[in-house]
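Engineer: Generate the whole structure from the sequences, applying the supplied hints.
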Amino acid sequence: MNSTLKNTMIAVLTFGGGTALLCLLTFIHINQGNVEIPLGVVVESIINPQDTLQHHTVRTLRMPRAVMGIIAGGALAVSGVILQTVTKNPLSSASTLGIHSGTYFAVVVTTIFLPAAMVGNGIMTAFLGGILTFLFVYVLSGGSDATPVRMVLAGMIVTFLFSALTSVLQIFYENETQGLFLWGSGTLIQNDWDGVTFSLPVIIVGVIVTLVYSSKLDTLTLGDDVATALGQNVRSVKVVTIIAAVLLTSVTVSIVGPIGFVGLVAPHLIKLIGYRAHLPLILGSFLWGGNVLLLADVLARVIDPSFNELPVGAITALVGSPWLIWLVMRMKRTGSQDSGAIMAGKNSATLSMKKLLPVLLALITITLLVSLASGNYGFEPLVTYNAFFGEANTFLQSLIIDLRLPRALVALFSGAVLAVSGLIFQGVLRNPLADPSVIGITSGAGVGALMTMYWFSVSAVWIPVGAMAGALVFFIVVMALGAKAEFQPTVLALLGIGMSAFGSALIQIIVVQADIGVASALTWLSGTTYAKGWSELLQYLIWPVLLFIPLLAFYIKTLDVLSLGDDTAKGLGLRVVNVRFQMALIATLLAACSVAAVGSIGFVGLIAPHLARLLVGSVNQKLLPVTMLIGGALLVVADLFSRTLLAPNEIPSGILVALIGAPYFLWLMKKRAT
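No gaps in the numbering here: position 658 of the sequence shown is 657 in numbering that gives the first Met the number 0, and each next residue is one more.
Read the hints as simulated data drawn from the structure, not as lab findings.
As the structure is a prediction and not an experimental result, all values here were calculated from the model.
One or more of the hints may lead you astray.
[Said to hold, decoys possible] Listed below are the simulated EDC-like cross-link pairs for lysine to aspartate or glutamate, each with C-alpha atoms no more than 16 Å apart in a straight line:
#, residue 1, residue 2
1, K87, D224
2, K621, D559
3, K270, D223
4, K87, D144
5, K87, D217
6, K237, D217
7, K87, D223
8, K237, D223
9, K237, D224
10, K569, D559
Structural biologist: Following this line, the structure appears as structure tokens:
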């Protein structure tokens with residue numbers, strides 16, 4: 000077969016087949032709904048519309064939704080093409096670089112505090128949020144010197160940060176942000192043609208700009224120096240095309256919300272077919288982006304036939320997160336990776352354990368006492384004293400002893416087990432970025448716990464079993480992928496984030512199907528110590544500490560041996576594979592118990608071990624007790640502030656920890672980049 004015929008067949012399949020598939024998906028999509036409408040009626044309503052209920056349903060409700068899916072998917076795909084070219088990063092898209100989270104946060108802030116600025120569906124607000132987020136991630140990851148994995152890792156952590164801030168606003172301004180939860184997960188719901196008529200001209204302009212610059216983008220792929228030598232104004236090309244890409248993303252977010260991964264999947268489908276020139280790449284990506292998003296919406300309503308409006312963003316994440324993982328693994332095989340580790344701490348101890356442990360215990364005791372004495376009425380130490388020594392009334396005794404005390408202890412033990420879990424993961428994987436939340440373990444535990452609660456409807460006693468099962472499945476997948484990636488720190492972190500995105504999509508589906516209230520869902524997903532008592536402490540936390548911590552204290556020396564490298568450890572007689580798996584399994588079970596008790600609280604396992612290293616060095620026998628105490632203290636403090644900072648309202652403890660942990664993670668990355 001000659002090359003001309005082969006190229007013609009590829010073009011026919013790509014564009015002709017893509018168009019045929021788009022038409023088929025459109026008809027399927029239009030025919031989905033609470034009331035089935037025959038295909039003939041659908042065709043007639045388009046070709047020969049009449050004044051009937053079925054025709055009006057098709058033309059004013061279902062067609063706008065289908066058309067919005069096509070143009071939104073196309074816009075996101077074209078945006079992905081531009082971002083991948085300009086950043087020289089095949090992992091780039093509006094979702095992986097944090098642009099979606101920035102636009103969403105900007106829209107939520109404006110909706111609450113400056114609603115008058117929400118003109119034109121908030122497109123300008125979304126645009127400014129997207130541009131600023133892109134610049135922030137680009138600079139933070141090292142600018143033109145950033146590696147692809149590091150740039151996306153920065154984007155994902157910025158997404159965590161903005162998600163935490165957005166969740167705080169949605170919880171405290173539930174009335175002002177009513178309806179934004181489903182929109183914030185991505186939805187194609189349209190009640191008329193207004194969304195299409197508003198967004199279509201902007202999308203057309205954005206796509207035309209990218210097509211005009213397609214030849215210049217081709218030159219840009221040769222490298223900045225070559226493009227400059229060929230007379231290209233590299234800076235202007237990058238500025239104009241980035242503005243076009245963010246504009247395409249912003250107008251899409253302003254109508255349908257942040258729908259992730261379409262801009263990652265569609266361009267790579269066209270690249271896998273063989274297209275590299277930007278003219279066919281942009282056109283093909285637009286076509287197949289529409290197919291991807293429309294298919295996702297069809298699948299969303301197939302998965303949930305009750306039509307509770309499963310977020311289409313959850314379906315694209317289910318597809319896109321494995322795609323992201325595949326791309327990361329593909330980059331590893333082609334040698335495009337970042338093998339550096341980001342270290343924190345000191346090699347030698349700087350503080351005496353005999354002095355440090357009493358100080359930490361005293362600080363925890365003081366923090367617990369302050370927590371017990373603090374509430375909606377301020378700081379009341381005398382009332383707390385009377386409650387413990389029998390001189391207070393029954394109500395105050397119950398409030399302090401039955402509510403505040405077990406809640407503070409739940410925070411203490413949860414923080415301790417999460418911190419130890421992070422310490423073990425960092426030692427086993429020799430990866431200072433490792434944390435149960437960063438590598439996807441807490442997400443898996445959350446999926447297992449929610450499935451146990453809402454899908455299987457079993458007793459609460461089985462919740463930790465479900466959490467452990469979910470965490471174990473995600474752990475095995477991450478470890479298998481990590482082994483293929485040679486456990487490179489930043490690559491493994493990105494693989495874990497991909498698994499977290501997959502787990503978050505499953506959690507969104509469960510939340511919608513279980514019909515959990517928005518505030519309750521956000522609170523649980525963010526991780527909270529609210530309303531936790533003696534039952535959570537006894538069922539989920541006491542026995543893991545009594546069972547696993549002594550076991551870890553006995554085996555903790557093996558982490559010091561592992562830190563010397565696999566070859567050295569094997570030479571010293573250590574069964575590296577078995578030890579690594581056993582230790583990581585214990586860390587996984589510890590994280591799962593914490594998730595069962597307080598939900599998905601992240602970053603404690605990242606921060607506490609690093610702070611411990613700064614205090615006592617890198618010897619794991621010393622790190623274990625210090626990390627436990629620091630992790631417990633950290634979550635107790637977070638619990639205290641969650642109750643008192645905006646009393647009588649509460650901020651989920653996990654959000655407060657994320658607001659500390661995400662910037663700390665980004666600082667570690669920046670430290671490595673410089």
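Engineer: If a hint holds in the structure, say so; if it doesn't, say that too.
Structural biologist: Here is how each hint holds up against the structure:
Proximity of K87 to D224 is assessed by CA-CA distance (about 14 Å); at most 16 Å being required, the pair is judged to hold. For the suggested pair K621 and D559, the alpha carbons sit about 11 Å apart, so the restraint of at most 16 Å is met. Restraint check: the Cα-Cα separation between K270 and D223 comes to about 21 Å, which exceeds 16 Å; the hinted pair is violated. Under the criterion of a C-alpha separation no larger than 16 Å, the hint pairing K87 with D144 is consistent with the structure, at around 10 Å.
Only pairs whose Cα atoms come within 16 Å are accepted, and K87 paired with D217 is accepted, the gap being roughly 12 Å. A hinted pair counts as satisfied when its Cα atoms are at most 16 Å apart, and K237 with D217 qualifies at roughly 12 Å. Between K87 and D223 the alpha-carbon distance is near 10 Å, which keeps this suggested pair within the 16 Å criterion. Simply put, K237 and D223 have alpha-carbon atoms about 10 Å apart, close enough for the 16 Å limit, and the pair holds.
For a cut-off of 16 Å, the pair hint linking K237 to D224 stands: about 14 Å separates their Cα positions. Between K569 and D559, the direct Cα distance comes to roughly 13 Å. Compliance with the 16 Å bound is thereby established for this hinted pair.
The structure shown violates just one earlier hint, number 3.
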